[in-house]
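Colleague: Residues per chain are reported as follows:
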Amino acid sequence: MSEAFVRTQMTPPQKPPVTERGAIKWLHENLFAGPYNTILTLVSLYVIYLMLSAIVPWLLNGVWVADSLQECRDIVAASAGEGATGACWAMLRERWHQFIFGLYPSEAYWRPTLAFGLLFVAIAPVLYSGQRSTLLTVLAVVFAFVAICLPLAGAPGWWRVAPDPALVAAGEYLSATALTGIYIGALALVAGLAALTWVAPGRLIWFTLAFPALCYFLLWGGSIWSTVAVVLGLVVLGLVYRLAVSLAGVAVAACLGLLAAVLYWLYLDAPLARELSEALPLGIPFIPSDEFGGFLLAIVIGVTAIAFSLPLGILLALGRQSDLPIVKMICVGFIEFIRGVPLITLLFTASLLLGYFLPPGTTFDTILRVMILVTFFAAAYLAEVVRGGLAALPRGQYEAADSLGLDYWSAQRLIILPQALKISIPAIVSTFIGLFKDTTLVSFVALMDPLRGVTNAVRADIDWKGIYWEPYIFVGAIFFLICFGMSRYSMYLEQKLKTDHR
Amino acid sequence: MADAAKMQISDEIAIQITGMNKWYGQFHVLRDINMTVQRGERIVICGPSGSGKSTLIRCINRLEEHQQGQIVVDGTELTNDLKNIDKVRSEVGMVFQHFNLFPHLTILENLTLAPLWVRKTPKREAEETAMYFLEKVKIPEQAQKYPGQLSGGQQQRVAIARSLCMKPRIMLFDEPTSALDPEMIKEVLDTMIQLAQEGMTMICVTHEMGFAQAVANRVIFMDQGQIVEQNEPKEFFSNPKSDRTKLFLSQILGH
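Respectively, the protein sequence lines represent chains W and R. The first sequence begins at 1 in our numbering and counts up one residue at a time. The second sequence begins at 1 in our numbering and counts up one residue at a time.
Next comes chain R alone, as it looks inside the complex:
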C-alpha cells in the first residue's frame, strides 16, 4: 500500500477548467465542468458508463474539442491554435484502454518515435531514455519485439513507458485496466502506483476502487456529464453525500 502522505502536492496549478461545456451535435455530454488540478495531485474519476468521464479527460489534451468555457493546461489555454495544442500534447501523456501501440514498430521504436520527431532528441539519447523507462516498467528484454508478441499487461506497461519517454508533467489514464485479464491488472496498477509515488500529476478514469483508496488524493464521481461529488477517498467511500453516489458505490462494491 502506498503511503499517501509521502506524495507532495504543491500549490502550483497544473490544470484549470472553468465553465466547460461540450456537445455531440444536439447531445449535451459535458455540462458546466469546473475543476482545478494542482501539481502532484492524483485524481480518480469514476461514474457509470456514458457519464462523460472519458470525454472529460480527452478534452484535456484536446482529442475532443470543447465548445464553451476554458481549459488551461500548464499555463497554455487550449484553443484552435494548432501550435498550442501540439505543445500541450507533448507535455501531457495519455494511456488508453486499448493501449494503442503502433503495431508496425518494435517496442523500442514505439518508445523513441515521439522523442525523435517531436522533441528532436538525438537517437542514442532517445534510446537510452527508452531503455531506462522499459527497465522501470520491468520489461527491458522485450525491446526488440513487436507489440503483437506481448501480453495485454505488457503492452499497457509499454504504453505507459511510451508516454513517459516524452517526460510529461501530467499523465492521463483512460480506463487503463478495463481491457485486461485480472492477473495483468495488478502489474499495470503497480506501475501506476510507482508513478504516483514519484510525484507525477495523474488523472485516472478507472473502476479500480482499491487503486483509488491507495493512491488518489481526490475522487471525482460523474453522472450525466456533470461532476456530482468529489472528496478525498476515505470520506468518499465511507461517507458519500449524494444519493446517486451511494447507489453507484453500492453497485460496484456490493458484489
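Just chain W, same shape as in the assembly:
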C-alpha cells in the first residue's frame, strides 16, 4: 500500500545546529568525545604544562652577552633570582664561527661563504627547471643570507683575530680594506649569477658543471693550476669517449675513457700542475683539510656525497638488473658488501687502511677519502631504492619503449628512469637526509664535525666548561632546518611531477 505525496513548498537550506559547527564541534569531537577521551585530554594538557614550565623560563632567562658560563649563571641568578635556570647563548655569540667553519682561518671565511652562495646558483637550474617565481624566491632568500653572512663571516677577521705576523711578512695577509673589497665583489658575483639564473635558467647548466672545480678551488685554494690539471683529466675522459664511442659502443667507450683519465691523474696530473705553477704562479693561500670543521665540513661532505651518490646508485641499480653476468655480479657484490658494513668501519678504512694500500708517496686527502667512502655508502642504499622504483614500473613501459625502437640507454633515460625516480623520490630524499646526518660520524676519524668535534672543543675551554644544552640545541636546530628543507623540497617535487591524475 502506498500513499501519494506531492511537495508544495521547497525547504530552503539552513545552518547546522550550534553544537555541529565551528570550534565547539571541533572541541567536542576531538578533545571531549567521551569520558576516556576527556581524561586523556586533561592528562595531556597537564604534561604539556609541566614541560613548558621547565623550558619556557630557561629560554626567557637566556643570556646573550657574557664572557663565560659562570658569568652567565651569575647574570641569571641576579636577574631571575637564586635557583632560576637560563640558557647561556653567550657561548654561541663567542664561538659561532667555530660551529660554522671549524678551524678554518678567519681571514678566509669569505671563501666558504661565497662557495655556499654559488652552490645555490649552481643547483638552481637542476632543482627548478622552468618555474621562475619559486626560483626567484629561493634565490632572493639565499642572496639575503649571503649578504648577511659575508660581513659576519669577515667579522672575527676584522675585530677579533690579530693578523698572523708570518702571513703579514709573506705578504699573504689581507688588509681590512682588501677584505671589504672581496666581500663586495663576492656579493656582486652571487647577485649577478642569481639574476642570470632568473633570466635564463637553462644557460647556467655550464656553471653547474664547472661548480665542483670552482668550489674545490675556493675551499682548499692553492695554485689554480692544480685544479685546472685535475679538470683536464675529465677532458681526457671526454675525448677518449668521443673517439671510441662510434667504434666500440657506449659502455666500452666509457670504460676506456675512465681508464685513460685514471692513468692521466696517476702519472701526468701532478707534473703538469707543477710545471704550470712554476711558469705562471697564480692562486690563493692553500688551506689544509685538518683546518676544516663544523657545518662547513658537514655540508662539503654531505653535498658532494649527495651529488655523486645518485648517479652512481642509478648505475648500480641498472647494473644489478643487467643481463651480463659479470656486470651483475660486480654490482650485487658492491651493494651487498657496502650495505653490510657499518659506515664507521668504512670511515676507518678511508682514514687508516687506504694509506697502506696506496703507492708510497701518494698524498690522498682525508676529507677526499671520507667523501668517496660516504658516497659509496649512500650509493649502495640508493641503488636498492632505485631498484624498488624500477620494479614498480609495469613491464608494458619497457615493452612500449622497446617496440618503438629506442635503444637501451635512450629507453632508460627517457622512459624508465624519469618514472622510476619519481616513484622513489620520498625514499631517495630519506636516504639523503640520513646521509647528511651521518656526516657527523666523521668525528670518529678525527675530523671536526659540528656535533661532537666542535662541541667538545668548545667545552674544553675553561670559560665554557660544563655547558651542554646550548651547543647541542644549536647544532640540532641547524641540522633540522637543512633536513626539513630537503623534506619540503621533495614534497614540492612530488607535487610538481604528479602527472598521472589518479
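Derived from the structure by calculation, the hints contain no laboratory data. Do not take every clue at face value.
In silico DSS-like cross-links for lysine-lysine, where the CA-CA straight-line distance does not exceed 30 Å [as the list claims (entries may be wrong)]:
hint, chain 1, residue 1, chain 2, residue 2
1, R, Lys145, W, Lys498
2, W, Lys496, R, Lys145
3, W, Lys498, R, Lys123
4, R, Lys167, R, Lys83
5, W, Lys422, R, Lys123
6, R, Lys120, W, Lys498
Based on these hints, arrange chain R on the given structure of chain W.
Modeller: Relative to the frame of chain W, chain R by itself:
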C-alpha cells in the same frame, strides 16, 4: 563496412616465418610455426587464451626471443644482433592491450619521442607529423594533456597514432580492444579499419569477429602453440574444417 576489394595485396613478402619454435623453460609455447605475410595483408589471429597468439606476434618484433627457426621481417633476419632488432622495431609498430602510453609525458611528447630520438627528426617536423596523426585518430584537441586524463578508447587511439608517427611498414595489434568498454571498442576499431583501407600491413590478435569479417583477408586460428587452421574470413566462419575450430567458433559466436 570496408570494401575488401579495394585493399591491394602485393607479391612482396613482408614477414617470413619458417620452422619457428619457442620454449618458456620446459614449456613448448610455439610449435613449428610457418607463415608468410605479404605486403598489404590484414591478418587476424584468434584462438583460446594460452594458445600462443600474443607470443607469436611479440616474436615478430622480438619482444620475445625464439629458440629455433627463422623470422625475417622486411628482409632483415631477427638474430641476437641488437642493430637488426632496433631496425626491425623502428619499422614495425605495435599496439598493446593496455595501451602502454608513457604517463609522465604529454600526448604530444608521447608521439614525438621516438621520431626525435630514434629517427632524429627535427622537433618541428616531428610535432607536425604528430598533429597529423592525432587529427587522423580524431583527438587533436588532447595534445597537451597527459594520458591519465584520457578515456581508455582515446588512450588506445593515441597509442595507435604513436606507432604511426614512426611511419611503420607493418603494424602489430595485441588484443587492442579487450581492455575497453563496449562503447569505446568501436572508436578504436574504426581507426583500425581506416588504417587497413589505406593499405597498411596488419597482424591483429583479436576476438572481434566482426572486425575480422570486415577487414581481414586471412584468419588464423591457433591452439596449443600451433596454427590449426587458416583461411579467408568467409570460408573460415561459414565452413570451418577442423573440429577444434568448430568448437571455438561455436563458443564465441554462440552467445
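Colleague: Does each hint fit the structure? Answer for all of them.
Modeller: Hint check results:
1. R:Lys145 / W:Lys498: 13 Å, holds
2. W:Lys496 / R:Lys145: 15 Å, holds
3. W:Lys498 / R:Lys123: 25 Å, holds
4. R:Lys167 / R:Lys83: 19 Å, holds
5. W:Lys422 / R:Lys123: 26 Å, holds
6. R:Lys120 / W:Lys498: Holds. Lysine 120 (chain R) to lysine 498 (chain W) sits at ~29 Å (cutoff 30 Å).
When each numbered hint is compared with the structure, no violation occurs for any of them.
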